[in-house]
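Peer 1: For reference, the chains in residue letters:
There are 4 protein chains.
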Amino acid sequence: MRTRSFKSVLKKHKAVFLDSYGVIKNHDGLIPGVQEAIDHIRLLGMPLRVLTNDASRSPDMLAEKFADAGLYGILAKEIITSGTMARKYLENKGVKGKIAYLGTENSAQYIRDAKFEPLHISEVSEQNIDKITALIFLDDEGFDWNKDLNKAVNLLRRRKIPAIVANSDALYPVSANNVNVATGGIAALVENVLGRGFIHYGKPDSQMFMYGYERLKKVGRYRRRDILMVGDTLHTDILGGNKFGISTALVLTGNTSPEQADTLIKATGVIPDYVCRSIAD
Amino acid sequence: MRTRSFKSVLKKHKAVFLDSYGVIKNHDGLIPGVQEAIDHIRLLGMPLRVLTNDASRSPDMLAEKFADAGLYGILAKEIITSGTMARKYLENKGVKGKIAYLGTENSAQYIRDAKFEPLHISEVSEQNIDKITALIFLDDEGFDWNKDLNKAVNLLRRRKIPAIVANSDALYPVSANNVNVATGGIAALVENVLGRGFIHYGKPDSQMFMYGYERLKKVGRYRRRDILMVGDTLHTDILGGNKFGISTALVLTGNTSPEQADTLIKATGVIPDYVCRSIAD
Amino acid sequence: MRTRSFKSVLKKHKAVFLDSYGVIKNHDGLIPGVQEAIDHIRLLGMPLRVLTNDASRSPDMLAEKFADAGLYGILAKEIITSGTMARKYLENKGVKGKIAYLGTENSAQYIRDAKFEPLHISEVSEQNIDKITALIFLDDEGFDWNKDLNKAVNLLRRRKIPAIVANSDALYPVSANNVNVATGGIAALVENVLGRGFIHYGKPDSQMFMYGYERLKKVGRYRRRDILMVGDTLHTDILGGNKFGISTALVLTGNTSPEQADTLIKATGVIPDYVCRSIAD
Amino acid sequence: MRTRSFKSVLKKHKAVFLDSYGVIKNHDGLIPGVQEAIDHIRLLGMPLRVLTNDASRSPDMLAEKFADAGLYGILAKEIITSGTMARKYLENKGVKGKIAYLGTENSAQYIRDAKFEPLHISEVSEQNIDKITALIFLDDEGFDWNKDLNKAVNLLRRRKIPAIVANSDALYPVSANNVNVATGGIAALVENVLGRGFIHYGKPDSQMFMYGYERLKKVGRYRRRDILMVGDTLHTDILGGNKFGISTALVLTGNTSPEQADTLIKATGVIPDYVCRSIAD
Chain A
1 MRTRSFKSVL KKHKAVFLDS YGVIKNHDGL IPGVQEAIDH IRLLGMPLRV LTNDASRSPD
61 MLAEKFADAG LYGILAKEII TSGTMARKYL ENKGVKGKIA YLGTENSAQY IRDAKFEPLH
121 ISEVSEQNID KITALIFLDD EGFDWNKDLN KAVNLLRRRK IPAIVANSDA LYPVSANNVN
181 VATGGIAALV ENVLGRGFIH YGKPDSQMFM YGYERLKKVG RYRRRDILMV GDTLHTDILG
241 GNKFGISTAL VLTGNTSPEQ ADTLIKATGV IPDYVCRSIA D
Chain B
1 MRTRSFKSVL KKHKAVFLDS YGVIKNHDGL IPGVQEAIDH IRLLGMPLRV LTNDASRSPD
61 MLAEKFADAG LYGILAKEII TSGTMARKYL ENKGVKGKIA YLGTENSAQY IRDAKFEPLH
121 ISEVSEQNID KITALIFLDD EGFDWNKDLN KAVNLLRRRK IPAIVANSDA LYPVSANNVN
181 VATGGIAALV ENVLGRGFIH YGKPDSQMFM YGYERLKKVG RYRRRDILMV GDTLHTDILG
241 GNKFGISTAL VLTGNTSPEQ ADTLIKATGV IPDYVCRSIA D
Chain C
1 MRTRSFKSVL KKHKAVFLDS YGVIKNHDGL IPGVQEAIDH IRLLGMPLRV LTNDASRSPD
61 MLAEKFADAG LYGILAKEII TSGTMARKYL ENKGVKGKIA YLGTENSAQY IRDAKFEPLH
121 ISEVSEQNID KITALIFLDD EGFDWNKDLN KAVNLLRRRK IPAIVANSDA LYPVSANNVN
181 VATGGIAALV ENVLGRGFIH YGKPDSQMFM YGYERLKKVG RYRRRDILMV GDTLHTDILG
241 GNKFGISTAL VLTGNTSPEQ ADTLIKATGV IPDYVCRSIA D
Chain D
1 MRTRSFKSVL KKHKAVFLDS YGVIKNHDGL IPGVQEAIDH IRLLGMPLRV LTNDASRSPD
61 MLAEKFADAG LYGILAKEII TSGTMARKYL ENKGVKGKIA YLGTENSAQY IRDAKFEPLH
121 ISEVSEQNID KITALIFLDD EGFDWNKDLN KAVNLLRRRK IPAIVANSDA LYPVSANNVN
181 VATGGIAALV ENVLGRGFIH YGKPDSQMFM YGYERLKKVG RYRRRDILMV GDTLHTDILG
241 GNKFGISTAL VLTGNTSPEQ ADTLIKATGV IPDYVCRSIA D
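Chains as they are written, first to last, in my numbering: chain A, 1 to 281; chain B, 1 to 281; chain C, 1 to 281; chain D, 1 to 281.
By construction, these hints were calculated from the structure, which means they are not laboratory data.
Wrong hints could be hidden among the right ones.
Said to hold, decoys possible - Calculated lysine-lysine pairs in the DSS-like style (CA-CA distance at most 30 Å, straight line):
{"id": "1", "chain 1": "A", "residue 1": "LYS98", "chain 2": "C", "residue 2": "LYS266"}
{"id": "2", "chain 1": "D", "residue 1": "LYS65", "chain 2": "D", "residue 2": "LYS77"}
{"id": "3", "chain 1": "C", "residue 1": "LYS218", "chain 2": "A", "residue 2": "LYS147"}
{"id": "4", "chain 1": "B", "residue 1": "LYS115", "chain 2": "B", "residue 2": "LYS88"}
{"id": "5", "chain 1": "A", "residue 1": "LYS147", "chain 2": "B", "residue 2": "LYS25"}
{"id": "6", "chain 1": "C", "residue 1": "LYS25", "chain 2": "C", "residue 2": "LYS160"}
Next up, chain A with everything else stripped away, as it sits in the complex (with noise of 0.2 Å):
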């Protein structure tokens, strides 16, 4: 496994989309030197922007969360989440009515903030099933996975309407060891018991990068070839910035680990254009 260094990768590029968990911060707090990294990237003046599936907050809780836990100098508009993804559906197809929702006070935010009224699944009754026009998966937490999966399950078998899922991610690292279920795992629960695909967003599919692509566009002219996305994680990170056909490089501080790194990258066929041992390496 060839490394090579961060800084050096960054020299070939003129825009960067990073992840946030395992690339930014870990279970762990901060990964070390992230700070000097950022400051880096500030310095050669090249735009930078968060690409996370994440819609249990906001954008500008997210920010407030590097804050506070003591990384600076990263803009609530320069994050992109899975969440806001999620909410541009609704704005786009103008979907009218309640929308119902799988996830925490927080991530209904990102239904308020498309002009509609969250209903969350518990809340579900005889009385207002008929004016729900969509299902969102939001977070894993936030409600009672024994009788609010059993819930919507129902509520997809008798209503002819879309489900959303904000986060399509399988799993999440809670400590060194122990991992729980992410919202894309509860949501497959779902579909596999129904037999029917919902519509997916967050990395690796292409909408995600797209948006961010759009959004650099604002500011600069910019290839796709010209932005680097960093991650640590093949089939999110690496697989969407491929297919996207910007430049890729894997870092090992999270869910892969320098010693699975090759195997992982053979038997995947998911192959980064770099990879780094860290952002501060």
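Place chains B, C and D on chain A using the hints.
Peer 2: Showing chains B, C and D alone in chain A's frame:
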């Protein structure tokens, strides 16, 4: 859709396997006329076995439930459950130690019957995790999906132990319109996020049919085609029966409605030898 | 199933995306009345793009085929194929070296247009295998499935290179009753035996819709909901259009028959904004 | 990875099931020392059965091939193939009429042995299509994949008949570095494009183990745990043996290399009771 009277189909066979849910009873209670149908089978002197994908209760408890519902004459030893198959796995493999399980106290009886020590998933801890030798999915009730599914995922990431699914059904009906996610649907979530398949018992798997057949051969000589499997579900009862080489009859009192039957048979390619409106027909 | 006249649906929009097969033509030739429908769109002054999952021929050749069939007025530069998307992948990633492909000589044009050197799968040998930098599935014709699929499997086991599927469709109709396995069905065999997923282009993937949208924005200002995607297939045209946030109309002249439409919409949860009998309606 | 000598593992059991490919022989010929290993089993007086996922040749032909390769003393009636299971399906169901098949002339012997009339897939025509009562996938050779897979797809779309896969393996090795797509991989293409599952025989399915066990019980009294299944493949030999409740030993002379064994066992959760370098060890 050409249907035949169940009595005329019975005449061509010498033994009967009945599915329980959708054939003998449903969410409303007993299927009308089922007592007469069972009595008729007895009158013909045909041996009968109930083959059910159920690991939530022992055969003894299920026999009692039939009687409580007002159906008489089905003996506990005529009932073969997918839980029995899981129990036999434990006995045959001679697995030692504690068996972690997801399910109710009632379902844990299968573990105790195999002379093993059940450990409810919620009680798995750093102190006992190294003594666990298998994980079994027994029922969809009796545990907290949010907490305990995450526990099951992490247990299987930490320990190299077999995972057994004692009921592979994805859904079960709870009222005329509503369903619940069944044990198999929950297990599939864990299989999916871990990217591995577990050991599954229950129809359509051959093992349950074989076990029923072996028990039948203790009371008489039967060729496979002498046996009639009666079920309401194409991909469990009928597929399993077809594959095992016994006769199959689909009844329209459960999962497969008279309106859908023809379309579903064509779409799935799972073709019953006979279609009957009901076992009371 | 309530249908609307295509003309009345058109009026609510400012631009049109048309699928080709099942909308403009089918195995029998042109859909009756399609010339009038295209002329009507021109009369309204609405920009039109054809979005087709096809990598067997270049847009130039497809435009010629429309004219040969007797349909006039669709320009090559109005045709966007999934092959174009694959070509752009090669251009964007700046992949060097030989590109191995499965398909006809015609389909290899996409590789030459990207300024790469195509190598037919049958010509892969010990001498050139180390110079191959990607494998592309372009067409279901032009190679020997027995020999060349085995060759593709072994190439991907030996070399850590990306594999690209330029048309993800599983089947295509060849007569009123018969279908052929399409490129996506063949690629899935290889993905399945290798246990890895490839990079897929074509509807329902967002990338093709985005590319169409970007080209549209060069000729005028359009919001997504101003655009109408017209297609005959729920899981490509309609799902992709819905996800991208544009309007969708299902026509019943191709994969989805008038008899099945309602059932399929309910079963898949893919809900078009409108259903029209035909674009000539 | 702790390995044990095969002889010491044998001592704990009373009967042996051996996989063929990867255990007895491989692409290079006989595994070194296999004759001595078979002779040793004979000396101990242990009954032996060969359980192989192979429907390309009858047990008689396979016994002859062992002898041709220089291995003596394995009788045709000790060989149980997945083709035998498919043959028994036909016999048990008493299917009448012509049986269409994909495979070589040799493989069609299973159909003739069941007293049915084989019809090579290439000979299916408008004249005989209505007389076909089942389709069987027997071998990956003996037919034209381009033409005949399309024919199989259209046959199954037209006729409501069962489809049987007599060997579910996805790949088989043809040299030290190369593999070929096997019958199961080809059948999966057809299942995938049609969206339905077929009836599969062969390990890990219980039916083959059961058949071997039943034949064993005719020559003596054996509990399941008295039997040792020896195989080189985790997801067929070992998974199937574990599920059926017999002892399992993984050998490292075939699909599972000494380097990968530990990682694969952990990744798949399929845990053999023993690991041996070779049956000659």
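Peer 1: Hinted pair, alpha-carbon criterion (30 Å max): LYS218 of chain C, LYS147 of chain A. Please report holds or violated.
Peer 2: violated, 50 Å
Peer 1: Holds or violated: LYS98 of chain A and LYS266 of chain C, Cα atoms, limit 30 Å.
Peer 2: OK: LYS98 of chain A and LYS266 of chain C at ~20 Å, within 30 Å.
Peer 1: Would the hint linking LYS147 of chain A and LYS25 of chain B be met if the CA-CA limit is 30 Å?
Peer 2: holds, 24 Å
Peer 1: Against the 30 Å threshold, does the CA-CA distance of LYS25 of chain C and LYS160 of chain C hold or violate the hint?
Peer 2: violated, 40 Å
Peer 1: Assess, step by step, whether the Cα of LYS115 of chain B is no farther than 30 Å from the Cα of LYS88 of chain B, and give holds or violated.
Peer 2: holds, 11 Å
Peer 1: So if I understand the rule, the pair passes when the alpha-carbon distance is 30 Å or less; does LYS65 of chain D with LYS77 of chain D pass?
Peer 2: holds, 14 Å
Violation of the numbered hints given earlier is confined to hints 3, 6; the remaining hints are satisfied by the structure.
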